[in-house]
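Now for the letters of each chain:
Number of protein chains: 2
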Amino acid sequence: MERQKCTVVKVGGAVVEDEQQLQRLLRDFAAIEGRKVLVHGGGRKATNMAARLGVETTMVGGRRITDGPMLEVVTMVYGGLVNKNLVARLQANGVNAIGLTGADTNVMRSHKRPPKDGVDFGFVGDVDNTNGQTLKTLIEMGITPVMAPLTHDGQGNMLNTNADTIASETAKALAPYYEVTLIFSFEKKGVLANPNDDDSVIASISHDDFARYKADGTISGGMIPKVENALAAVDAGVEKVIRTLASAIDGQHGTVIK
Amino acid sequence: MERQKCTVVKVGGAVVEDEQQLQRLLRDFAAIEGRKVLVHGGGRKATNMAARLGVETTMVGGRRITDGPMLEVVTMVYGGLVNKNLVARLQANGVNAIGLTGADTNVMRSHKRPPKDGVDFGFVGDVDNTNGQTLKTLIEMGITPVMAPLTHDGQGNMLNTNADTIASETAKALAPYYEVTLIFSFEKKGVLANPNDDDSVIASISHDDFARYKADGTISGGMIPKVENALAAVDAGVEKVIRTLASAIDGQHGTVIK
Chain P
1 MERQKCTVVK VGGAVVEDEQ QLQRLLRDFA AIEGRKVLVH GGGRKATNMA ARLGVETTMV
61 GGRRITDGPM LEVVTMVYGG LVNKNLVARL QANGVNAIGL TGADTNVMRS HKRPPKDGVD
121 FGFVGDVDNT NGQTLKTLIE MGITPVMAPL THDGQGNMLN TNADTIASET AKALAPYYEV
181 TLIFSFEKKG VLANPNDDDS VIASISHDDF ARYKADGTIS GGMIPKVENA LAAVDAGVEK
241 VIRTLASAID GQHGTVIK
Chain H
1 MERQKCTVVK VGGAVVEDEQ QLQRLLRDFA AIEGRKVLVH GGGRKATNMA ARLGVETTMV
61 GGRRITDGPM LEVVTMVYGG LVNKNLVARL QANGVNAIGL TGADTNVMRS HKRPPKDGVD
121 FGFVGDVDNT NGQTLKTLIE MGITPVMAPL THDGQGNMLN TNADTIASET AKALAPYYEV
181 TLIFSFEKKG VLANPNDDDS VIASISHDDF ARYKADGTIS GGMIPKVENA LAAVDAGVEK
241 VIRTLASAID GQHGTVIK
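Going down the list, the protein sequences come from chains P and H. With the working numbering as the guide, the letters of the first sequence map in order to residues 1 to 258. With the working numbering as the guide, the letters of the second sequence map in order to residues 1 to 258.
Wrong hints could be hidden among the right ones.
One copy or two, it doesn't matter: identical chains are merged, so the pair holds either way.
Said to hold, decoys possible - DSBU-like cross-link-like pairs, simulated, lysine-lysine; straight-line CA separation at most 35 Å:
#1 Lys5 x Lys116
#2 Lys5 x Lys45
#3 Lys5 x Lys240
#4 Lys112 x Lys45
#5 Lys5 x Lys136
#6 Lys226 x Lys112
#7 Lys189 x Lys5
Worth flagging that the hints you see were computed from the coordinates, not collected in a lab. As the structure is a prediction and not an experimental result, all values here were calculated from the model.
With the rest of the complex left out, here is chain P (with noise of 0.2 Å):
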């Protein structure tokens, strides 16, 4: 029997931070066919409202520290402030969208990172446990999940998590069930060999690859992370990852990771 088809899309914050960004998005969003998932991260805007309230953003390698204050606006702004808006405008587009944190439904659950090499993270989860029978009884009734980068620990505590883990995790959940693609969308049109020239898109990379493109420098910084994330998810049955979102909607291929 051949299996239905199921798209993730992970998007960045800053999408609906600019109106024109976020009209794009939804009208690519809800022109994907079929059954889909939407991850939003919604790192900027936590970063302004932080200042706002004046609580303090620390980074370690790129990484939000999340102290209880943090938690507090991470909470806010992700499960509350993106995640609602990006529903509400979901549903004027005719996606039936719900939102999810990993609490709801107790669809993702996670443990609190202990401190390592003397860097305490705080308040983030790392993901034990994905319900992807529930994603899909929700997927199959019509519904559209619209996914927080936020984790609970099943003891009452909200937990911060990083949006690409998020949408790895439910793409391997949803494999079983799925033939699934997940994206990851971003600005340049794929991962590039040469990081100023946008044409340079690495139209396909495989494990042998990515040591290859680490070994020489190609692929390095905040890329690794991304890149690692994406093979986890093929090697974890996912069909198809592919860096950039027009890539699903136009037949631009971005870059494949396989």
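Once you have looked at the hints, place chain H on chain P.
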């Protein structure tokens, strides 16, 4: 065929600000047998957050004026902070909660209240439609909806909606499917005949009683719309409306609206 019971409980937002009150709510709510829905407010928390952000709070006749910046605050605080913390705490107490605003699965649609008598309440939504069928489907999956006092207009905008209204509209929308008990939980034991005597609980209030109590001043001020709301729910087929949560748990009766 005997109909299943469903209990809709409305709690104020203050309950989540006080750890002792919150623990009591979680224990009491988790103890309610069978199908249930929690509806929460969030008043003071939004006012506090607005003050921290330099957003001015204006109230007219006990109701919040919701301008653009205030809509951001209530969307964050009600839809994110209060709702998600309640959901996470309920999960830890064995209740499979899901947080919902009116936008999620289009569960409650409203229109922006037009200015009246020279007062423009701003981004406040008067409810047009509640999707009882979707609520029922979630409830039959063993899920407990936790509803924030926010709706949407179907055009992409979130709107601020009174939590008492959300509670009665939810109870009314579930009345075709269940024998619904609607409980407005608040600090007093029930509606009081003498506001200075906490034990002067009025045992029951019918339409006729209400007219008499209003005329003689027993029921006045902010209690009038609350009792009106409760009577409207009874008229719409809600089985029983009670003011105070303890009554559902320990056999105290509070005030029954009939």
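Structure versus earlier hints, numbers of those that do not hold, lowest first: 1
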